[in-house]
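K.L.:
Sequence:
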Amino acid sequence: MFGESLELGDARITYDSLSPLDLRQPVHAIVDDLGEDLLQITCANGDIVDVGWYPAWNEQGRLRVVAVRGQDWEAPVFSARPEKDPQALLQALRAALAALTQAG
Numbered sequence: 001m002f003g004e005s006l007e008l009g010d011a012r013i014t015y016d017s018l019s020p021l022d023l024r025q026p027v028h029a030i031v032d033d034l035g036e037d038l039l040q041i042t043c044a045n046g047d048i049v050d051v052g053w054y055p056a057w058n059e060q061g062r063l064r065v066v067a068v069r070g071q072d073w074e075a076p077v078f079s080a081r082p083e084k085d086p087q088a089l090l091q092a093l094r095a096a097l098a099a100l101t102q103a104g
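Residue numbers are given in our numbering: position 60 of the sequence shown equals residue 60, and the series is strictly consecutive.
Careful, some of the hints might be misleading.
[Claimed, not checked] Restraint ranges, calculated between C-beta atoms of paired labels, are given here: (1) 75 to 36: 25 to 35 Å; (2) 9 to 59: 17 to 27 Å; (3) 102 to 29: 21 to 31 Å.
[To be verified] Capping the alpha-carbon separation at 16 Å, the derived lysine to aspartate or glutamate pairs in EDC-like fashion look like this: (4) 84 to 59; (5) 84 to 32; (6) 84 to 10; (7) 84 to 33; (8) 84 to 22.
To be clear, the hints were calculated from the coordinates, so they are not data collected in a lab. Small disclaimer: the values here were computed from a predicted structure and weren't measured. Beta carbons are placed, not taken as given, at the ideal position from N, Cα and C, and that holds for glycine.
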């Protein structure tokens, strides 16, 4: 993802509209593609790492990365709002995956 590997272990990417985006572009250039559902990684046990843009399609929005155990979306085991930068996002994704591993 973004030219770097993302160690997924037993997880797999189940939805991805994020990879085609160039996050180095200004928000106004890609805002029409920045919805709440950008990326979802699902672990073999059903845990989920989810990436979205909140509020959706809004230039004032921010990325949000959450790690959810047991479908408990109200109490994620990890939550971050990284900058709109590929490296910051990858760092948050790695931390979210690690949180699920540690929480299990």
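K.L.:
Confirm or reject each hint.
P.N.:
Okay, the hints, checked on the actual structure:
1. 75 to 36: 25 to 35 Å: 19 Å, violated
2. 9 to 59: 17 to 27 Å: For residue 59 against residue 9, whose Cβ atoms are near 35 Å apart, the range 17 to 27 Å is violated.
3. 102 to 29: 21 to 31 Å: Given range 21 to 31 Å: violated, Cβ gap about 37 Å.
4. 84 to 59: 11 Å, holds
5. 84 to 32: Within the cut-off at roughly 15 Å; holds.
6. 84 to 10: 27 Å, violated
7. 84 to 33: 13 Å, holds
8. 84 to 22: 10 Å, holds
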